[in-house]
Amino acid sequence: MSVARRSMARSIAAHAVLIAYVLIALFPVFVIVINSVKSRRAIFADPLALPTAETFDLVGYHTVLRQGDFLLYFQNSMIVTVASLALVLLFGAMAAFALSEYRFWGNSLMGLYLALGIMIPIRLGTVVILQMMVAGGLVNTLTALVLVYTAQGLPLAVFILSEFMRGVSDDLKNAGRIDGLSEYAIFFRLVLPLVRPAMATVAVFTMIPIWNDLWFPLILAPSEATKTITLGSQVFIGQFVTNWNAVLAALSLAILPVLVMYLIFSRQLIRGITAGAVK
Amino acid sequence: QDVTLTIESWRNDDLQIWQDTIIPAFEAANPGIGVVFAPTAPAEYNAILNSKLDAGSAGDLITCRPFDASLELFNSDKLADLTDLAAMENFSDVAKSAWQTDDGASTFCVPLASVIHGFMYNRTAFDELGLEPPATMDEFYTLLDAIQEDGTYIPMAMGSADQWEAATMGYQNIGPTFWKGEEGRRALIAGEQSLTDEGWVEPFRHLARWGAYLGEGFEAQTYPDSQNLFTLGRAAIYPAGSWEIGVFTPQIDGAFEMGAFPPPVMAEGGTCYISDHTDIALGLNAASPNADAARTFLEWVGSAEFATLYANALPGFFSLNSAPVEMEDPLAQEFVGWRESCEPTIRSTYQILSRGTPNLENETWNASANVLAGTETPEDAAARLQEGLASWYEPQQ
Amino acid sequence: MDALTLTQVTKKFGRTQVIDGIDLAVAPGEFCVFVGPSGCGKSTLLRMIAGLEDVTSGQIAIGGRQVTDLPPARREIAMVFQSYALYPHLSVRDNMGLALRQAGTPKAEVLASTDRAADMLSLTALLDRRPADLSGGQRQRVAIGRAIVRRPKLFLFDEPLSNLDAALRVATRIEIARLHRELGATMIYVTHDQVEAMTLAHKIVVLRAGRVEQVGAPMDLYNDPDNRFVAGFIGSPAMNFLDAGALGLRSDSLGVRPEHLAISAQGGTIPGRVSHLERLGGETLSYVQTEAHGLLTVRQFGEHDHAVDGPVWLTPDLERAFHFNAEGQRMRA
Amino acid sequence: MDALTLTQVTKKFGRTQVIDGIDLAVAPGEFCVFVGPSGCGKSTLLRMIAGLEDVTSGQIAIGGRQVTDLPPARREIAMVFQSYALYPHLSVRDNMGLALRQAGTPKAEVLASTDRAADMLSLTALLDRRPADLSGGQRQRVAIGRAIVRRPKLFLFDEPLSNLDAALRVATRIEIARLHRELGATMIYVTHDQVEAMTLAHKIVVLRAGRVEQVGAPMDLYNDPDNRFVAGFIGSPAMNFLDAGALGLRSDSLGVRPEHLAISAQGGTIPGRVSHLERLGGETLSYVQTEAHGLLTVRQFGEHDHAVDGPVWLTPDLERAFHFNAEGQRMRA
Amino acid sequence: MAGRRARRWHIGVFLAPAVLVYTAIMIVPLLGTLNLSLFARGEEGRVFVGLANFATLFGDPRWSGAFWNALGNNAWFFLIHMLVQNPVGVALAALLSAPRLRMAAFYRTAIFVPTILSFVIVGFVWKLILSPLWGIAPGMLDGIGLRSLFAPWLGREEYALTTLALISVWQFVGIPMMLIYAALLSIPDEVIEAAEIDGITGWSQFRKIKLPLILPAIGIISILTFVGNFNAFDLIYVSQGALAGPDFSTDILGTFLYRTFFGFQLQLGDPHMGAAIATAMFAIILAGVCVYLFGIQRRLRRYQF
Ligand SMILES: Nc1ncnc2c1ncn2[C@@H]1O[C@H](COP(=O)(O)OP(=O)(O)OP(=O)(O)O)[C@@H](O)[C@H]1O
Ligand SMILES: Nc1ncnc2c1ncn2[C@@H]1O[C@H](COP(=O)(O)OP(=O)(O)OP(=O)(O)O)[C@@H](O)[C@H]1O
Ligand SMILES: [Mg+2]
Ligand SMILES: [Mg+2]
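Residue numbers (my numbering), protein chains in the order written: chain C, 1 to 279; chain E, 1 to 397; chain L, 1 to 333; chain Y, 1 to 333; chain P, 1 to 305.
The following block holds chain C by itself, in its conformation from the complex (with noise of 0.2 Å):
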């Protein structure tokens, strides 16, 4: 594509519309991270003053690092989210795959049936979900987590998959079955490779709620040994004080790895993958 193309003027509007969406974006972030670094009056005081030396107080880092084993907690918060991200992946991605690429007897039905999870609040199941690791023993372990977490992604996973799925290339797909490619080739070897952008879309909306999540760490793994760092972080909201600039402080550290999971995902966003396949 050309720099001929495009005129300067739509550039620079394009830019000015960017530019001034990423400020409503980031501002709250800004006044986020500004007061975590601030003392509690001077929040209060002046919320969008930066931190001058006389407000600037990391008692908030200081009051989160003391608390219980944040680092324990953050390794907690990781293998979670990474072992639910990778098992909703695959599995979601296998699924789509099947509904997408087979007309079998049933399949807009199990579509649907996928799709019924993202249509009741998983909550609800909860005290059944409970007992039923309960029996098994799971719980205040990750894999309880892992498990809850791995079942409530799916539905979208596979919703959003499937979609893109049918955009590969048919001929694609059978130059592959030609080459004596099984249908398991076939999808580990050429379809997931294609739809790896909508994959890292996949993998950043079930992250980022998993990551969050304070109910299922609550119910099902609270000990120290299995908090997680959102759940850490709940000991600042109190009944009649929030400790706001723990919680601050707390909720800014955990931004960073989402945030670094998600570059690593949008990576996968590359212009074109799919170019050149066929004419």
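Hints were generated in silico from the structure; no laboratory data involved. Careful: at least some of the hints might be erroneous.
Pairs of lysine to any residue, SDA-like flavour, derived with a Cα cap of 20 Å [said to hold, decoys possible]: (1) P/208 - P/104; (2) L/153 - L/212; (3) P/208 - Y/287; (4) Y/203 - L/103; (5) L/12 - Y/128; (6) L/203 - Y/305.
Far from chain P, by Cβ distances over 12 Å, these chain E residues were calculated [stated by the list, open to error]: (7) 24; (8) 84; (9) 209; (10) 220; (11) 333; (12) 357.
Okay, the calculated beta carbon distance ranges per label pair [to be verified]: (13) L/106 - P/20: 52 to 60 Å; (14) C/11 - L/57: 52 to 60 Å; (15) L/57 - Y/273: 44 to 52 Å.
Glycine is no exception: its CB is placed at the ideal position from the N, C-alpha and C atoms.
Starting from the structure of chain C, add chains E, L, Y and P with the ligands where the hints point.
Only chains E, L, Y and P with the ligands this time, still in chain C's reference frame:
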């Protein structure tokens, strides 16, 4: 350690105190029993606790909400009967009433603390403006007008966004004065009074007047906002609960001096009433495998030693133990001192009246906030509450 | 046993009948070319043989084995797609080697095979590029390379050379012929290039609207077409059809190949005017507008010049002309 | 004023030089054909003219107006893409009519134009289909239709006929020629089909690895190539290059067109064996393996038969042969 | 692809893991819960009451009033997302997918950052910004001379829901943006180039070429927005509490359900009525999804590139 007891609680705030003060004291005296305090964010506590109890994964010791929430757990055999606990001797019937069956036959939680409502004020500001705490409602409004006039301070810190504030610190704070404390509360339960009676509408009328003295945009002001307004020294008066003592003291950190006054009386020489609300107790999970150790712990919780420890660690949470407790915090002493001069009562909606749908407590939050924000008249609000209550509560029909 | 047998194969897309009862047998080692106008169903038929389209009815057997219900992977075929269908995320080398590696061929052998194919198709310099960075012709060569690397029993080619330049086309055509001889494989080949059809095929299948019009060796079709459609379709430039009545003949139309029409400025049987002249160096094509027979094409060997718009006379070589009846059927003497 | 002027146009993809300093002027109404081996940069050059690729350096002017920095939409061109690039969501009719409607042409007129184009390209029956339901050739015709409907000043065609069958190809070729005459538009046309290049072009530009090898009228290139590359590229089958030394000539190599090599079983200058025979009906191509000159192609008019592997003798027509020096440059007498 | 193939085990293999995990950990518990809607708490534990809970939900004016209020609010919440979030998301994606846009990766990330944040933070920061007390929004409006436009939006019945919906839009606009962006990237360059040459540029190129090609993605987004909005809960819960003030003006089905199912303060959780509400919600959402799946999605043409 042989046994580890886990305490389920909504008191995130107290984590530090339990870990650093209370639990070590117990463990020192009871080798072989370890205790873990595992609090949950207060808003989720009931839901999470119920789920865990249903599934059988809840801790050994359960922090008890007052009245129906715990009664329900007891009735469904989730909480053990603690009537025979020796330490129960140490509590008056009133103290235990929040955790007993309606007939008073069984008690299932060891009372921990109550909280008292009143008004805190910025004594430094009062001094500056030459003002005195009010004794009557009229003086109260004169005082507010004076602060308003001066303009340096927002007269009173309260918002309607969280609803809870308007109901608890407003309606339940000044209300007992009008419905005459226990007298009115019992009459309401018995169906002898209704919420549309003067005594129950009047507090709403006052709430409706308060709007004028609150900060700009108080409709969107949340409870933490109100706290901050006061502790940052921007508001002069703060309708409060005693639990704020422990919160505010470090936050204000000497920036100004605090004082407190009880809810003003209707007229010079009238009786003063305070809400001295039984708020928190500790029960035993009926399914606990460590019931013996847990009972040992509960006996200790019912002791005078614990009472002193707790009340001093958490100024503003007043022990319900019959044994007198020495408190060091002057403001806490001030609050608890009102027990001598005023008639105590508990929050009107808590016992029995919030058992049905619509839920009177929740409705009262909503009504108080509406009235404070001026979107509903006191009379309409009262009528609505009465109608809701009558819809399911037989004595009121 | 035949390498490929089609028995009453039909195909419908919705209600459109695209393939209409085709019977065909291809002998082992045979080179069979499908020709026919655009949209006549060549690709569809090929895809059915490959197993990429269901047959609506009928049977397909490959090497004597019924494959009608077998998946493509188990039909032991290779195919070059009209749309290339390269794997966009793989390099040229991996595009060609994937099938072999999938089959568990040792690495060194895969490498050797792909190198050989790349060499044959002048792709060696491009082995590490991805399809997106290739020109149209280069992509097409990769697609061919992918098929030949595997050396299966049955090859299916869908217009494999249409994007190659003349030199490469000739070279690849000869390569395919050589490959065919070497491997002894059976090949089914779709093309609309006369030269390819005539030079590569043992057997040409002329299709029209989903039906077989005629099957035969190239020269048989050329010299002995069954009907006007085949006569017009085989041979380039296409045969001229003259109005037999106007010439005093008893058939309906007379087919005369462009090279069998003599052209002269002096005189002849049919008067006309040159409307367009194409000089190709080795030959010259004149398009002559005539009163009685419309536009006729004349092909002359070598370079010739005729004044455009100038009057000329054409003389058909009646000996080598074909007679057709009103239904377009050949009237054999 | 020239319809198109390229001044020292270059293009790099990363560090690969794909177009290397091209100068070219195309007169108004001229029909200019780019030929060259696959990957030589034809499509890239065309895309630069269209404004779809940036020029790395150099200038492009269309109709005397500098357009180097103008977006494609403002260059007043139409283009047929090698990959068709149809709008998948629009019917054939809308694919062709979209540009006109965008330009605000009245509905009736749009309809008339598309109908005319559809008629010309035998697309009338397909007007309501979408690209996905068309065969390869049909898609290509839609792509052509989309370009001609707009009747712009400058047409760019990238191998527009490569997927058409022979008959349609001839018809479309003649249509394009007619269109060109009618509209008087300037056309730039990329092809690797000799016949198209020779018959359509006023001017052929022979490209090789991003450079212009020779520019000229078709017969000029055919009869008077500047170098061995052009000589070999123009004309099909390609020219034979004989080892001049072995023939006792003083040049390095001798170019002889296949039609200028006489073949005889009895005797001649160069002995060899027939290695492959292609009988096309109207002509016969023999590939003869010789000791001294490698594989030589012989073209004969009409049908001939030579025993494959049988010994033959070839005799070049020295009168019509070309001499080249060691650098491949033509040595003119 | 081809239909009648013998023994297509692979379909089962592809489906099995997802279906198993999903059924065991999601469907079974949820069915168990929804099943509760047919029971009620009786003297002796649980008793079967048939559809009585639904009769209460829709027949008792208190329950039905709350339900319809929540449904109405929810519809408005959804409408705002459809009218603001999705068009803005599409517009941003369109801008971002412009060829060779500099800093595109930065923009994309920045716009997505709010989506990463937890609700706790989002609720806190917007309350802080919009608070009349701490001066950010009033101060900024003052700065552009529009101070008079300021109102305590979150505290007023007439604005609160809209304000929250817009906050939610702010938070989630990254999702439609990402999906549309991915869809736009899969349109082949050549098609866009053909349009450029045809003189179809800018807005009309977007409307006539790109938009039809990304319609399936827009369809997905709409249905995801629908499902997400009718399941929404957290934002309202953290910023307005379970009572969804002021005066239930921000009460949506999710908060209504939560309050009923799990209880709130003195209100005890009622799993039976809660399950009835959940079932009703589920029916509404399912109806919407079916309309989409069988009415709209079938009609959307997908294009393979
Ligand atoms: N995006 C790209 N990046 C790198 N190299 C490219 C790119 N596009 C094309 N090329 C290379 O540039 C050269 C010229 O490509 P171009 O498509 O212009 O060839 P062409 O002459 O049109 O060939 P053909 O006749 O096969 O279509 C080729 O070698 C090709 O591999
Ligand atoms: N999926 C489809 N749905 C409906 N009709 C189709 C479909 N695919 C192809 N067709 C039609 O079937 C007929 C045969 O198509 P096919 O691709 O086999 O033609 P072809 O002979 O290969 O033509 P070409 O030489 O142009 O490639 C065409 O008329 C085409 O429009
Ligand atoms: Mg085809
Ligand atoms: Mg090209």
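Against the structure, the hints come out as follows:
Straight-line distance between C-alpha atoms of residue 208 of chain P and residue 104 of chain P comes to about 24 Å, which puts the hinted pair past the 20 Å bound. Taken as a hint, the residue 153 of chain L and residue 212 of chain L pair is broken in the structure, with Cα atoms around 24 Å apart against an allowance of 20 Å. At most 20 Å may separate the alpha-carbon atoms for a hinted pair to count; residue 208 of chain P and residue 287 of chain Y exceed this at roughly 54 Å. The hinted pair formed by residue 203 of chain Y and residue 103 of chain L fails the criterion: a straight-line CA distance of about 51 Å is larger than 20 Å.
A C-alpha spacing of about 19 Å is found between residue 12 of chain L and residue 128 of chain Y, which places the hinted pair at or below 20 Å, so the restraint holds. Of the pairs offered as hints, the one joining residue 203 of chain L and residue 305 of chain Y holds, with about 19 Å between alpha carbons and a cut-off of 20 Å not exceeded. Chain P leaves residue 24 of chain E outside its interface by the beta-carbon criterion, the shortest separation being 31 Å against a cut-off of 12 Å. With a closest Cβ-Cβ approach of about 26 Å to chain P, residue 84 of chain E is found to remain outside the 12 Å limit, as its non-interface label requires.
At roughly 18 Å, the least C-beta separation between residue 209 of chain E and chain P is larger than 12 Å, which holds for a residue marked as non-interface. Not every CB of chain P is more than 12 Å from the CB of residue 220 of chain E (nearest about 3 Å), against its label as outside the interface. With a least CB separation of 30 Å from chain P, residue 333 of chain E remains clear of the 12 Å interface cut-off, as annotated. The claim that residue 357 of chain E is not at the interface with chain P is violated, since a C-beta of that chain comes within 12 Å of its own (minimum 7 Å).
Here the CB-CB span from residue 106 of chain L to residue 20 of chain P is close to 38 Å, at odds with the stated 52 to 60 Å. The supplied range of 52 to 60 Å is met by residue 11 of chain C and residue 57 of chain L, whose beta-carbon atoms lie about 58 Å from each other. Take residue 57 of chain L and residue 273 of chain Y: their Cβ atoms lie about 50 Å apart, and the range 44 to 52 Å holds.
When each numbered hint is compared with the structure, violations occur for hints 1, 2, 3, 4, 10, 12, 13.
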